[in-house]
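Participant: Generate the whole structure from the sequences, applying the supplied hints.
What follows is each chain in one-letter form.
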Amino acid sequence: MELIRILFSRCTALFRRQTLDEELDEELRSHIDFAVEEKMKRGMSAQAARTEAMRAFGGVTQTTEAYREQRGFPIFEAMANDLRFGLRQLVKSPAFALTAILTLALGIGASTAIFSVVKAVLLAPLPYKDPGRIMTVWTANPVRGGHPLSSSAGDFAIWKQRSAVFEDLAPSFDDEKTLTGQGAPLFLISYAVSANYLRILGVEPQLGRLYTDQEDSPQGPKVALLSDHIWRTTFHSDPGIVTRTIRLDGIAYTVLGVMPRGFDYPTSVEIWTPSAMTASAYDDFNHPYVRILGRLRSGVTLAQAQKTLNDVEAQVAAAHPQTDSGNRVVVVPLREQLDGDIRKPLLILMGAVGLMLLIACANTAGLSLARNAERQKEIAVRFALGATRLRVLRQFVTESLLLAMIGGAGGILLALAGNRFLLKLFPNEVANLNIPKVTQIPMDFGVLMFAFTITLLTALLFGIVPVLKGLRTEASAAMKETSRGSTTTRRTNRSRSAVVVTEVALSLILMTGAGLVVASFQKVINADLGFQPDHVLSLQLFLPPDHYPDTDPTKRRRFVQEVENRLNELPGVESAGTINFLPLSGFWGTSGFLLRGQAPPKEGQAPEADNRIITPGYLRTMGIKLLRGRNFTDADRAGSAHVAMINQTMAKQFFKGKDPIGEELNLGSLDKPDWWEIVGVTGDVKAFGQDQPTHLDMYRPFDQVPFPLVAFTLRTKTDPASMVKSAEEAVWYVDPNLPVLKAIPMNLLASQTLAVRRASSALISAFAMLALVLTCIGIYGVMAYAVAHRRQEIGVRMALGAPRGDVLRMMMGLGVRLTLLGVVIGLVGAFVLTRLMTSLLFEVNTMNPLIFSIAVIVLIAVAMAASYLPSRRAASIDPMQALRTE
Amino acid sequence: MGGDKSEVLQGTLDLMVLKTLESMGPLHGYGIARRIEQVSGDGLSLNQGTIYPALLRLEQRGWINSEWGTSETNRRAKFYSLSGIGRKQIETETENWERTAATMARFLAPSN
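So the protein sequences, as listed, match chains W and A. Under numbering that gives the first Met the number 0, the first sequence has 566 at position 567, and the numbering climbs by one with no breaks. Under numbering that gives the first Met the number 0, the second sequence has 102 at position 103, and the numbering climbs by one with no breaks.
Treat the hints as calculated values from the structure; they're not laboratory data. Honestly, I wouldn't trust all of these hints.
SDA-like, lysine to any residue: derived pairs with alpha carbons at most 25 Å apart [unchecked claim]:
id, chain 1, residue 1, chain 2, residue 2
1, A, Lys77, W, Ser29
2, W, Lys40, A, Arg75
3, W, Lys651, A, Arg34
4, W, Lys655, W, Asn665
5, A, Lys77, W, Glu21
6, A, Lys77, W, Ile5
7, W, Lys40, A, Gly61
8, A, Lys77, W, Thr50
9, A, Lys87, W, Gln336
10, W, Lys159, W, Ala302
11, W, Lys118, W, Gln336
12, W, Lys724, W, Leu747
13, A, Lys77, W, Arg49
14, W, Lys40, A, Ser82
15, W, Lys651, W, Pro707
16, A, Lys77, W, Arg16
17, A, Lys77, W, Arg388
18, W, Lys40, A, Arg74
19, A, Lys18, W, Gln336
20, A, Lys87, W, Ala302
21, A, Lys87, W, Phe7
22, W, Lys522, W, Ala302
23, W, Lys38, A, Glu94
24, W, Lys624, W, Gly571
25, W, Lys38, A, Ser82
26, A, Lys18, A, Ser82
Facilitator: Below is the structure:
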């Protein structure tokens with residue numbers, strides 16, 4: 000109680016200082032007056048009475064001081080004093096203060112902004128039970144390109160049975176569905192998942208319940224779980240949704256539950272239904288369509304799981320060589336799976352801003368060193384007047400913190416301003432990029448804490464050197480050094496040199512890194528897509544099996560034919576065509592093929608090519624080159640001879656030196672061949688983006704293979720985006736019940752495909768540029784200080800006859816030597832660090848000599864420029880003046 | 000703090016102030032200082048200034064209150080008076096002091 004009263008009284012006193020001081024003054028004055036009055040009554044003269052009163056009082060100043068200490072918090076007040084003094088110091092050298100604050104703001108701001116993305120994406124908590132143990136399991140096989148892809152149900156069943164490393168493994172596969180009876184028909188991304196799949200994730204529905212293992216069987220009821228999104232939008236948050244019947248692909252399903260908001264796995268799925276795997280499905284090793292989710296037993300490492308599964312798979316491959324030989328099982332933690340292709344660029348960017356922050360620190364350290372050196376005399380005076388080292392240290396620390404805090408605040412403002420531009424890293428239209436959906440990057444408490452922490456670290460980093468130096472100052476020595484400008488002591492010299500060398504080295508690393516990324520980006524955007532994306536509009540549709548069943552291919556043919564005709568007649572349309580898997584759309588599928596007369600390939604090694612089912616107008620509309628032979632025509636109909644075209648990569652790989660025209664592909668098996676005659680060879684299309692390898696492509700006429708997934712493409716005379724409405728109307732004229740999945744101009748799709756590369760390359764080059772500017776300022780500052788400090792020495796040299804050229808050379812030589820040392824260290828660092836970037840680069844070697852040389856030359860040029868001005872000032876010193884100034 | 004002359008222990012001064020206020024009623028700083036000097040006679044040399052931090056300390060603890068007023072000679076001055084808590088505190092402080100004094104006395108007494 001008493002303690003609280005004391006604290007309260009002291010705290011309030013902090014804010015009433017002036018009033019209280021005045022009151023104390025008055026009280027003490029009245030005290031003295033009382034004393035004088037009394038003494039005069041006893042017959043003393045006024046003069047003697049006052050002297051006597053003052054003596055009895057015993058020192059007004061001491062009393063006031065003691066009183067103040069008792070009144071408030073002396074530590075706070077001293078700190079406030081330090082702060083005020085620090086602020087005055089900063090205001091007194093505005094150039095220094097502004098440069099340092101701006102430098103720190105840039106460093107802290109960039110780091111905070113990038114960290115906000117890292118936190119929102121890589122560090123966001125996953126809404127699942129013990130997510131660290133949830134794994135996705137994939138099969139990679141060189142025949143299928145060696146990438147981790149889905150596995151066969153047969154493999155899955157055996158892995159589940161034989162691998163004890165997993166608590167549970169669950170199958171799933173995508174199973175797109177069309178929802179009808181709720182306004183316009185909706186194409187929904189749906190997943191068939193086993194009952195234990197949802198248990199592995201450990202989610203509970205917000206309404207209703209999950210399905211049981213019994214319900215997840217071929218004979219089980221038709222039930223579905225809805226996403227929060229579809230429940231809120233299409234079903235208007237209907238509270239009675241559970242047990243309601245909805246129609247998916249024309250079949251009645253009972254809604255069993257609504258998943259919680261924020262549950263988004265697999266990404267973008269709107270409806271989950273039971274996988275209902277039949278017993279015979281588990282004998283199928285031929286069709287890799289199962290996507291596996293598992294929960295590791297606690298204590299089992301990723302490497303152990305990977306090894307165990309591969310050992311099991313080796314046994315499977317021995318039993319099923321035809322389908323499984325060459326299979327490699329890849330276990331990927333859920334976290335990494337969700338982060339996808341954004342993880343590496345983000346980490347690289349984080350590294351880049353980290354380097355920039357270090358440069359900013361070095362820069363500020365250099366500036367503080369120079370400035371504190373100018374203040375040597377002040378410090379010496381303080382020491383001489385009896386200031387303790389601790390007191391001086393406190394002043395330095397306060398000033399560093401003050402600078403860092405102002406810089407940090409500026410940095411947070413910069414990060415707030417720049418943060419929304421970082422959303423460009425996450426295009427939302429592209430399905431073929433494996434990156435998480437991010438619609439906002441919050442600047443939350445965690446991000447602010449990060450900014451605050453790095454601000455403190457920064458203050459420590461740039462503040463420590465000047466402080467240590469400041470403490471070494473000997474009162475007498477400092478006064479001597481400044482007053483009789485000798486050559487700089489080696490110690491001062493060394494820390495300043497270290498600053499320059501560090502900055503140059505770090506900049507070089509950042510610049511080579513940026514150079515590699517930018518060069519890769521240039522290569523990528525200049526790489527030929529193999530089609531002309533300008534002025535092409537695409538509309539992707541799915542033909543639902545209830546309206547367009549496999550058993551009635553004519554209906555699909557008629558639909559595509561009629562829509563294409565209508566599109567062709569639209570004003571402003573030059574041509575129209577259709578394909579099943581639109582390039583850059585993320586959709587794709589393959590077929591195995593055999594060649595006539597060729598020895599049957601080794602088991603499990605049958606080559607596969609991407610299925611591209613097109614109408615005759617497609618190649619012309621997309622601007623894909625026909626290299627040899629002929630395009631499909633309207634005569635290549637359902638009943639006519641089976642024909643195919645292959646792309647150049649496939650022609651080169653399988654018909655070396657031979658003319659593939661007239662050759663035949665067997666898309667069946669050895670026993671039941673299904674022959675397709677090659678009539679043409681097309682140019683290569685980069686269907687997965689410019690930076691991805693070209694697949695083998697096999698084109699066949701839509702009329703002969705009526706595929707249920709179609710993308711209409713139309714070449715327009717005007718802006719393709721303006722044609723979306725009329726194109727959609729053409730589709731709906733033919734079938735008013737068909738949803739258009741996505742209508743998007745191809746050039747937009749192409750540009751979004753490069754969004755991550757474009758954004759990260761822009762960011763990293765911006766960081767490198769800033770780093771270069773900071774380094775330039777840093778070198779200039781250090782050199783300018785060196786010149787100022789050696790003014791008298793230079794004056795003496797010149798007075799003794801040193802030509803101006805020699806002085807210029809001497810000072811430039813200092814800058815160049817430090818720069819070269821920095822370059823050497825930086826090169827070593829760059830060689831080591833750029834290796835980490837290999838997977839991000841495209842057709843650019845990490846050891847690219849051109850980029851390294853450019854970085855070195857630019858850096859040296861900048862360093863020379865930065866030291867030239869101060870050196871010239873040194874050379875133009877008037878010796879008489881220089882010697883006379885002190 | 001109060002110069003070399005101050006030989007008054009901190010707790011001692013506090014108790015002196017409290018006792019003074021108890022016997023004299025509300026009094027200003029000069030009055031308190033004079034009273035202490037008079038009561039202790041030549042036994043104590045007090046820097047009058049040192050009572051002000053002591054007065055503040057007592058006020059912060061809530062043992063005394065202060066108020067601006069006018070003296071008999073029509074001079075504006077700050078008057079201090081004992082608070083309720085302060086009145087009770089005198090007892091405790093007196094006991095404390097007596098215990099300390101007794102202890103000191105035992106130390107200073109000729110051994111055995």
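Participant: Indicate, hint by hint, whether the structure satisfies it.
Facilitator: Quick rundown of the hints versus the structure:
no. : hint                   : result
1   : Lys77(A) to Ser29(W)   : holds (9 Å)
2   : Lys40(W) to Arg75(A)   : holds (19 Å)
3   : Lys651(W) to Arg34(A)  : violated (115 Å)
4   : Lys655(W) to Asn665(W) : holds (18 Å)
5   : Lys77(A) to Glu21(W)   : holds (13 Å)
6   : Lys77(A) to Ile5(W)    : holds (20 Å)
7   : Lys40(W) to Gly61(A)   : violated (36 Å)
8   : Lys77(A) to Thr50(W)   : holds (23 Å)
9   : Lys87(A) to Gln336(W)  : violated (73 Å)
10  : Lys159(W) to Ala302(W) : holds (17 Å)
11  : Lys118(W) to Gln336(W) : holds (16 Å)
12  : Lys724(W) to Leu747(W) : holds (17 Å)
13  : Lys77(A) to Arg49(W)   : holds (21 Å)
14  : Lys40(W) to Ser82(A)   : violated (33 Å)
15  : Lys651(W) to Pro707(W) : violated (31 Å)
16  : Lys77(A) to Arg16(W)   : holds (18 Å)
17  : Lys77(A) to Arg388(W)  : violated (41 Å)
18  : Lys40(W) to Arg74(A)   : holds (16 Å)
19  : Lys18(A) to Gln336(W)  : violated (80 Å)
20  : Lys87(A) to Ala302(W)  : violated (75 Å)
21  : Lys87(A) to Phe7(W)    : holds (22 Å)
22  : Lys522(W) to Ala302(W) : violated (36 Å)
23  : Lys38(W) to Glu94(A)   : violated (37 Å)
24  : Lys624(W) to Gly571(W) : holds (23 Å)
25  : Lys38(W) to Ser82(A)   : violated (32 Å)
26  : Lys18(A) to Ser82(A)   : holds (12 Å)
Hint compliance for this structure: hints 3, 7, 9, 14, 15, 17, 19, 20, 22, 23, 25 are broken, all remaining hints hold.
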